[in-house]
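A.B. asks: These are the residues of each chain, in order.
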Amino acid sequence: MTGKTKKQFIEREDVVVKFVGDSGDGMQLTGTLFSDNAAIGGNDIATFPDYPAEIRAPHNTIAGVSGFQVHIGKKVHTTGDLCDVLVAMNPASLKANLKWAKIGATIIVDADSFDERSIEKAGYKTNPMDDGSLDKFNLIKAPVSSFTKESLKELTTDVKTAEKSRNMFALGIIYFIFDRKFDTTFEYLDKKFKKNPLVSEINKTVMKAGYIFAENVDALESQIHIPKATLEKGKYRNITGNVATAWGLLAASEKSGVPLFLGSYPITPATEILMELAKHKSLGAKVFQAEDEIAGICSAIGASFAGSMACTTTSGPGLSLKSEAIGLAVMTELPLVIVDVQRGGPSTGLPTKSEQSDLYQALFGRNGEAPCIVIAASSPSNCFYFAFEAAKLSMEHMTPVILLTDGYLGNGSQLFKIPKMADLPKINPPIAKPNDPDYKPYRRDPETFVRQWAIPGTEGLRHRIGGLEKENIIGTVSTDPQNHQLMVDLREAKVQKVADFIPLQTITGKENADILVVSWGGTQGAVLSAVEALQAEGKSIAHAHFNYIMPLPKNTADILSGHKKIIVCELNSGQFVNYLRMKHPENQYRQFNKVQGLPFFVNELTAAFNQILEEK
Amino acid sequence: MENYTVERSKVELTKEDFVSDQMVKWCPGCGDHAILSSVANVFPKIGYRKENFCLVSGIGCSSRFPYYVNTYGFHSIHGRAAAVSSGVKIANPHLSVWMATGDGDSLAIGGNHFIHIIRRNIDINIMLFNNQIYGLTKGQYSPTTPMGSFTKTSPQGTIEHPFNPGELILGAQGTFFARGVDTNPKMMTEIMFEAARHDGTSVVEILQNCVIFADKTHAQITSKDLRDDHQLHLKNGEPMLFGKEKNKGIRMRNSRLEAVEIGKDGITEDDILVHDQYQQDPGLHLMLAKMAPPHLPIALGVIRSAMYPTYDDLVEEQIKYAKENSKIKNMDDLLNSGDTWVIE
Ligand SMILES: Cc1ncc(C[n+]2csc(CCOP(=O)(O)OP(=O)(O)O)c2C)c(N)n1
Ligand code: SF4
Ligand SMILES: [Mg+2]
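These protein sequences, in sequence, are chains A and Z. Numbering-wise, the first sequence is residues 1 to 616 according to the working numbering. Numbering-wise, the second sequence is residues 1 to 344 according to the working numbering.
Because the hints were derived from the structure by calculation, they are not lab data. A hint or two may mislead.
To be verified - DSS-like mimics (lysine-lysine), calculated; alpha carbons at most 30 Å apart, straight line: (1) Z:Lys327 <-> A:Lys426; (2) A:Lys433 <-> Z:Lys320; (3) A:Lys136 <-> A:Lys433; (4) A:Lys235 <-> Z:Lys327; (5) Z:Lys323 <-> A:Lys417; (6) A:Lys433 <-> A:Lys181; (7) A:Lys195 <-> Z:Lys327.
Said to hold, decoys possible - In silico contact screen, one side only, chain A against chain Z (beta carbon under 7 Å); selected entries: (8) Leu29; (9) Phe213; (10) Ala295.
Computed from a predicted model, the values in this text were never measured in an experiment. For every residue, glycine included, the Cβ atom is placed at its ideal position computed from N, Cα and C.
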């Protein structure tokens, strides 16, 4: 670059950058280009898109604000609390997001967009650029729109095109601030617009113009360097939790040799799993978009009976609709993976916001004694492994598994070390052999209590199953009192037995720390960051993060005992803590809860933990 | 298009091959017994391996059906048989999937799944036991109970307009619709054989008598003195004649169907409509499905049997195409596709 001044470099362990603008401003793409570039450059990344709830909200209003947050650093566990750099393409997006900027953050605005009408539409009384309300920040008034137009003078005079490529000007500024090379991004643009090289040229030109602008702005005193991540060697990609979930299911299907069937009905924020699986017919996945959630799960149960690795994907309201059918899968002892990408509830609740809303529902939301295996993923990339695990446990134990993820995990993205299929564990479903003279529908493995999977079409194994209580071993309908007791006990014992097949619970920190922080599912990144921060200060604090919930790992009692205090943190009113009170009443539990449709922030957790540590 | 056929039995099967060891628990005199017998008769005739039959049902008296047939069977939950059987068939198109369901099971709680399975034309044979009542729960009115009927939940008579299942099925773009009656097992067997031959969703409505809670609900059609004048037995390619002497027929006049007598007012057999069950246009099929006494006889037999691609075949086609044309052949390919980078 042809820099006027050489600016000084500062080192930062991690930085949070948020791109915000109107829905049509291309903020998702801008953020993705930046995070991919950072990842390829060797940083660890985590991203989260912040879509407006409305599809086509009025232009330049708060309702139409779309954002994309990128956390880059040497090692990042979360998508970041508050941002260090905020790029706001219009007044409404600044208004909606200023509360997420750190004091002293660099705020880059498109100064051209702050005309009277847009300022008023955003709900500002006065122009925030001049009224002193941004004094606490490092405000960069960038003439994004006019400079974009100017830079394109020789390429196009089309106003719309210039308008559309404004985001690339902002991206150019960011590339300067973080001293990024254009190469990967330019390659991407060339590939994307192979058929239309002019568009690629326009984007590149605008991006360069943004870069040069930044170089010459005095307010940008320094450039930021972020040390490379200390990641394990290997091949990486960026992946969202929903795509990782879809791929984990596909991987389990390939590994087990059992074809995948998905029956599902679209619902935010789970729909991407359905859309992703629909793309992979070449791997034999059969994807059935059902007429509702009930048909989604019931078709999956039918497919499971017919010998498929059956799955259904949904979010809270959909899980409610599936309750009766989950009971059918429990009763018929058929494998079934139910993925619940949790969102704010009850009812329609907060569809686009995350919450650990459905643990009670997953554990208890059925009629009768209907135990299911319940597991929870804890990062976008480990959704892959927990989806794989859900399918494995479900098939090997012949029972439904509920996998809980959430909107943050599902839509958030993270680096993913690409596994080799050969390295994944084997999956051995108990498929009954043709003409087995000993086959009985409800004969069980004496160790695991698992019945066999006799697939229609197989010679010599014709049988009938259903939702009515079955007589032990032979599987005919039975209302016998003792038999019902036995079958209820067997179904429970079968699920409890799974504890022998899952990993022991681990703990980060000392086993007899003053406080043990307990969390589960999607909050791992934030809680771990908070615990590590306090551990670095020498505080006596440990962390146990649960991914296996029903059954709990066998050493759970040991893990929980031996700490002076236990605090259970959840994004609900206390569903896991009450489950622990029920399962391990010998301990005293405190709880830290938040139900705002927002993730935990590291600083609110450290504050809460410090307060407990300071108590006498 | 390739057809995903069901494997045929190498040996000749008999009715006994399909009778299960379970005691049949329907009330004595219930129409369901005759339907069971027809199915046991027709399955060996259809000729598939017995392991390739799969029976799915919902909940109701009628839905106990799978327990009594010695095939693979699944007694699911109320209203959901259509969804369960859709999954069975899509997962394994080599099965001959049959569904037993009631007027409550499929037209009330399961109405949504019922119209959608038909719209998709998944190759499943649906037997809709229409007794115009909720049998299993002991006599509440159903979506097919005639207006004004007195039932346990309508002491002053029902005030709901009933569904005519045929109308609903054709409205949902049904490709196969037939109607039988439990008093005529021979015809039921013929209809079921045709249903099995049809590629796509076939619905066979069976007018079934519940002796306990809605006895004689179909008496207008089944009683000895009325049945010849009130039943039209449709046969493809044959004129629509009925009556004891086969001297009555159906003709089209002023865009309406009308029952006429041959020889009267100069009417000859040439005026009588000839049944074409295979025609694509459902217009006349719908008119036939809606015919009802006293002015018109009820149409029995195969009313519609039109050729359309089936959902399950199209699924296999798409998978085959994707397998042949996609660069992604296995999971390692997928995991390594798109933007990736190596960290040394
Ligand atoms: C979710 C649910 N709701 C209600 C019932 C009670 N129930 C069982 S069968 C039935 C109606 C059955 O009527 P129909 O489908 O016509 O079958 P029939 O007994 O007449 O053959 C009802 C309401 C149930 N089993 N499950
Ligand atoms: S109640 Fe009616 S439908 Fe049910 S078995 Fe008895 S006669 Fe048949
Ligand atoms: Mg009924």
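A.B. asks: Run every hint past the structure and note whether it holds.
C.D. replies: Do the hints match the structure? See the list:
1. Z:Lys327 <-> A:Lys426: 25 Å, holds
2. A:Lys433 <-> Z:Lys320: 28 Å, holds
3. A:Lys136 <-> A:Lys433: Violated, at roughly 73 Å.
4. A:Lys235 <-> Z:Lys327: Roughly 20 Å separates the two Cα atoms, so the pair holds.
5. Z:Lys323 <-> A:Lys417: 26 Å, holds
6. A:Lys433 <-> A:Lys181: Not OK: Lys433 (chain A) and Lys181 (chain A) at ~60 Å, beyond 30 Å, violated.
7. A:Lys195 <-> Z:Lys327: 21 Å, holds
8. Leu29: 14 Å, violated
9. Phe213: Violated, about 28 Å.
10. Ala295: 4 Å, holds
Consistency with the previously given hints fails for numbers 3, 6, 8 and 9, ordered from lowest to highest.
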